[in-house]
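S.K.: Below, each chain spelled out in residue letters.
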Amino acid sequence: MVGATATAAPTRTDEPVLATVTFTVNGQRRELELDTRTSLLDAAREHLHLTGSKKGCDHGQCGACTMIVDGRRINACLTLAIMHQGAEITTIEGLGQPDHLHPMQAAFVKHDGYQCGYCTPGQICSGVAVLEEIKAGIPSHVTADLEATPQVTEAEIRERMSGNICRCGAYSNIVEAMTEVAGARA
Amino acid sequence: MKSFTYERPGSPAEAAAAVARTPEAKFIAGGTNLLDLMKLQIETPRHLVDVNGLGLDTVEPTEEGGLRIGALVRNTDLAAHPRVRTDYGVLARALLAGASGQLRNKATTAGNLLQRTRCPYFYDTAQACNKRQPGSGCSALDGVSRQLAVIGGSEACIATHPGDMAVAMRVLDATVETIDAAGAARTIPIAEFHRLPGDEPSRDTNLEPGELITAVMLPKPVAGTHIYRKVRDRASYAYALVSVAAILGKDGSGHVAFGGVAHKPWRVEAAETDLPKGAKAVTEQVFAGAKPTHENAYKLKLAERTLGAALNQARA
Amino acid sequence: MKFDTQAGPNPIDRLKVVGHATDRIDGKYKTTGTAPYAYERHDVAPDAAYGYVLGSSIAKGRVRSIDTASARQAPGVIAIVTTLDTPRVERGVMNVAYLFGGDVIQHYHQAVAVVVAETFEQARAASFLVKVDYAPEAGVFDLAAAAKDAEPVPADSGEGSGGSGEERVGDFEAAFAQAPVTLDASYRTADESHAMMEPHATVAAWDGEKVTLWTSNQMIGWGHGSLAKMLNLPKDKVRLDAPYVGGGFGGKLFVRADAVLAALAAKAAGRPVKVALTRPLIANNTTHRPATIQRVRIGATQDGTITAIAHESTSGNLPDGDPETAVNQTKFLYAGKNRLTAMKLARLDLPEGNAMRAPGEAPGLAVLEVAMDEMAEKLGLDPVEFRIRNDTQVVPTKPDLRFSQRDLVGCLKLGVERFGWAKRNPKPGQVRDGQWLVGLGMAAAFRDNMVMKSGARVRLDASGTVTVETDMTDIGTGSYTIIAQTAAEMMGVPLNRVVVRLGDSDFPVSSGSGGQFGANSSTAGVYAACVKLRESIAQKLGFNATDAVFEDGEVRAGNRAIPLAQAAAEGELVAEDTIEFGDFSKTQQVSTFGAHFVEVAVDVYTAEVRVRRMLAVCAAGRILNPKSARSQVIGGMVMGTGAALMEELAVDTKRGFFANHDLAGYEVPVHADIQHQEVIFLDETDPMSSPMKAKGVGELGISGIAAAVANAIYNATGIRVRDYPITLDKLIDRMPDAA
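As you go down the protein sequences, you meet chains A, B and C in turn.
With the numbering used here applied, the first sequence covers 1102 to 1287.
With the numbering used here applied, the second sequence covers 2 to 317.
With the numbering used here applied, the third sequence covers 13 to 751.
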């Protein structure tokens, strides 16, 4: 066994198994002792009180919990906190604050890319990561030519953002916000 | 979710040994399906062996001109790999048609092969399901079955394999490499990797307990137009009603496998010689003996027409 | 303030702040994740324990016993409250099913226990150790089968447009029999789930005999009274607070199990408890839009004049439940001398049917407006022209009742022009674009404009800051912003001098959010309170209130101008008032209108339907904030597109539950389903609606859109599907040869 996260011998009881994990959240080093069952999402919301990441389904079906971990967006509800020893984690709180909005946050406000606000942090984290994914040349389902470099188009944005459900139906506005941030013409 | 202990082994062999020696142990990689099921206590491991960090995350050329895909290569990375994009388009397309960007960033090659059915009765622990609870019965047979299998099912189970990647791997004749607790490696042709439910639907695959997938091997590329056509109710982020993985020449000749129709990726090689004759000639053979429910009989017509679309694309 | 006469000129008409496409004032909180939702209140309940709800695994019957012994022994468990420990809890406003208590199971996933533990993980694990023994009973779960035994609905039953049951004008049967052109068609709409992104959630904390619930609820006033009744407490011993609500769409109009269980569990645990319904529980534990079976008959003369129109609808519900009032818009939308509308209600043992965004109109127009399309084709008329020919300026069932404003024709004509309707090929199945069959469709939109009594309190402090307090909620509707705009306009200050506090039952009771009445009603309440505050400010500064102009942070009259803040120099000024709508509001019919235009493409091989373009033209009175109002409309269009193409709670008619009870099984539209959407608002003010001269738009967008999509599919393929959602399996057998 390696690493600080290794736990004691297997147990047959229902007692919680505790493990320690250390990672960086929004630039701050955090150490937590957690029940091994704790999702990364619940570690943030219930232990670090970073409640910006939302729990909409807890089953990877909505995207409201999206965080950027080691440069990639993931569903924080479907991963264990203890699996992220040493990780660099960015949540919505790490992108910007009410008086210092990240450009993507500002664009969402400008284009009304939200209504009730509950899916919004996930949309924004996803939106920031999507533009990076396109820049990195990662193809998508709608990329016509797999061997060409994908471009920032509305179709690409819509497909890549489809893991973030907005029941208020702000999709059209979200695409406009992202397009503006990407600096591309609609 | 039951409490569990957790360890991070140092090597694949150590990982396999850890699962073999520990009661109720499971490997965890991306975790996107396992944790989903653990929250509902459909899966109840008491020990998790975290295989992330064991390497197994590279895509390498093989001497035969194919590719060796590490078990832990993430779906995103596999789809974006230059060789996969160039030579195995059907695989890249299948991966990109699956799940969402977030899930593809976590989900692994091995984990994707092992994802479990999305049958609503499998997911509802109050309902009878032979896959989840052997002997309890199958509520789907006379229940909501629009998404479920039309062929290869049994009186015990009509679940489908929900994935896209495996359907592409089936048409590519991939093989799965594993290692067991004793450190012994073996390879399993993809055709024999997933099982039909028969009277033992709780077993999705022919893996032995504790056997760890280390890689998926692709033979050298097959020329032709690589197509993965996934049909679903919404435009993205949904499971296939029917999918077609095909590698086709201009004359329509080639290979085809179907997803969303059975407990495993569905391919009948003998029917492929008739591909130039058109979709119907093929699907009549591929789906001979199909036993759809009244809710999912549409899949037969849909499979034919989806293959028709693929043939049309190849001929264009 | 009583609204008892048509609104005259008032300070809102200046439109210095109101009517502007202002960014939402809550935007910087929502986009940074700092807006607190119910489950996130570490600030007020830092020591909250975690409650996990267990749902019934049978659809109907009784609970014989519940064994909690091993669950109570589980690590971390603090308390378990079971339905057998609890006398049946009274129902709150609009509840049909009982939420908790007693041994009767009325529907699947009805709450039977809540397990409270130190951590979420412990509560969840322990909940699986609770063993419930049920005595199941046979139930009725299939609407189609139950429809033949459905009972006629008595008049004045149900929600929606103030619905009634059977209503007749003239002699429908005779006129229909004589009509040279007729349509008689039956349709089906599906059970739908609100599927708001924030699950129903509550944190409850007791302080002695008083309980506070931080909860997710659209109607604080209703919830406050309901919870007092349900918990057997005087109202002053209950407080609700819901500053942010992560979507509702009608699913949070009323108290649900999360609130009741949090309160009971917190009492049992002796400390605050938080409870969120897990996603797999929501579809069956809470409410849904009921499925309908509808029949429409239309008779017309050859020139397209409707002479007979009948619309009948059958839906199902639990005992005491209401019908889906799908026939109501048919009383208002088109002329025709001989008319019949009727509803029947079947008794079902499925979960509770209740209001979902535009109850009545959403499924009703989804059918009526397809029938109109079918009829137009029979008549050889353009569907827009057919609607224009049957426009009416009076309510067809009450010819003495005029619409206060009705520019449906204006909406249709502008839509025709902006959408390029002339390019539509009236013959279906003709337009091909590569693998796609392309079609255009349209539908009229109608939603009645309800108003609700609404109160607010307004404060002016020495810094010149205006603070509005009302129990109004912002469920994504833009309430924070339009209320701030209203107060800024009334008090003559910039938007950034206004603070808005919402959702607290300690604040004056508002309309709440529902039925698209919230924006108009709640801002009218703020208007009323501001009128009072202006009076006390004027008095304080020695002005005559009627002469004083509130502008640029000053109060002016004649050649005197005094800074507003000075009025509060010696102490805060506070005013409170409530707008009340009496019978005057019923002297004309106040409704909202619109027209939807849609282009779809249908894959010629697979019959997959993709919406390519959408346009809505809306006539809905004064638009208080075109930016947030537009978002409301496009949001409704998205939800209606879901209803048209994919949304259906799949009923297991044998076991009695919705089988696809999560967000993977119940598909709602995703980004890739929705292309750019256009919305045009006609420039209107309606002085019959309120001093704001505004009307609702929150439900207009969903009204009619499903039919526009369905009609476009027909135009693309020539296949008429009368069974929503229009999934590809309903098209595939009839698709043309692809090659």
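These aren't lab readings, by the way, just hints derived from the structure by calculation.
You may find that some hints are simply not true.
Pairs of lysine-lysine residues, derived as DSS-like cross-links and limited to a Cα-Cα distance of at most 27 Å, are as follows [to be verified]:
#  : chain 1 : residue 1 : chain 2 : residue 2
1  : C       : Lys143    : C       : Lys666
2  : C       : Lys279    : C       : Lys222
3  : A       : Lys1211   : C       : Lys28
4  : C       : Lys465    : B       : Lys292
5  : B       : Lys3      : C       : Lys143
6  : B       : Lys278    : B       : Lys302
7  : B       : Lys292    : C       : Lys742
8  : C       : Lys742    : B       : Lys281
9  : B       : Lys302    : B       : Lys292
10 : C       : Lys465    : C       : Lys544
11 : C       : Lys28     : B       : Lys302
12 : B       : Lys40     : C       : Lys639
13 : C       : Lys639    : A       : Lys1211
14 : C       : Lys425    : C       : Lys639
Note that the structure is a prediction, hence the values are computed from the model and not measured.
S.K.: Each of the hints needs a verdict: does it hold here or not?
M.R.: Here is how each hint holds up against the structure:
Taking the CA atoms of Lys143(C) and Lys666(C), the gap is near 24 Å; set against the 27 Å cutoff, the hint holds. Restraint check for Lys279(C) and Lys222(C): the C-alpha separation of about 10 Å stays at or below 27 Å, so the hint holds. Using a Cα cut-off of 27 Å, the hinted pair Lys1211(A) and Lys28(C) holds, with the two alpha carbons roughly 20 Å apart. Proximity of Lys465(C) to Lys292(B) is assessed by CA-CA distance (about 59 Å); at most 27 Å being required, the pair is judged violated.
Restraint check for Lys3(B) and Lys143(C): satisfied, since their Cα atoms lie roughly 16 Å apart, inside the 27 Å limit. Annotation: proposed proximity of Lys278(B) to Lys302(B) holds, straight-line Cα distance about 17 Å (limit 27 Å). Using a Cα cut-off of 27 Å, the hinted pair Lys292(B) and Lys742(C) holds, with the two alpha carbons roughly 19 Å apart. A C-alpha spacing of about 20 Å is found between Lys742(C) and Lys281(B), which places the hinted pair at or below 27 Å, so the restraint holds.
For the given pair, Lys302(B) sits about 13 Å from Lys292(B) by alpha-carbon distance, which is consistent with the 27 Å threshold. For the proposed pair Lys465(C) and Lys544(C), the alpha carbon gap of about 17 Å is at most 27 Å, so the pair holds. For the given pair, Lys28(C) sits about 61 Å from Lys302(B) by alpha-carbon distance, which is inconsistent with the 27 Å threshold. With a C-alpha separation of about 40 Å, the suggested pairing of Lys40(B) with Lys639(C) is violated against the 27 Å cut-off.
Taking the CA atoms of Lys639(C) and Lys1211(A), the gap is near 9 Å; set against the 27 Å cutoff, the hint holds. Of the supplied pair hints, the one linking Lys425(C) and Lys639(C) holds, its CA atoms being roughly 23 Å apart against a limit of 27 Å.
Going through the hint list in order, the structure does not satisfy hints 4, 11 and 12.
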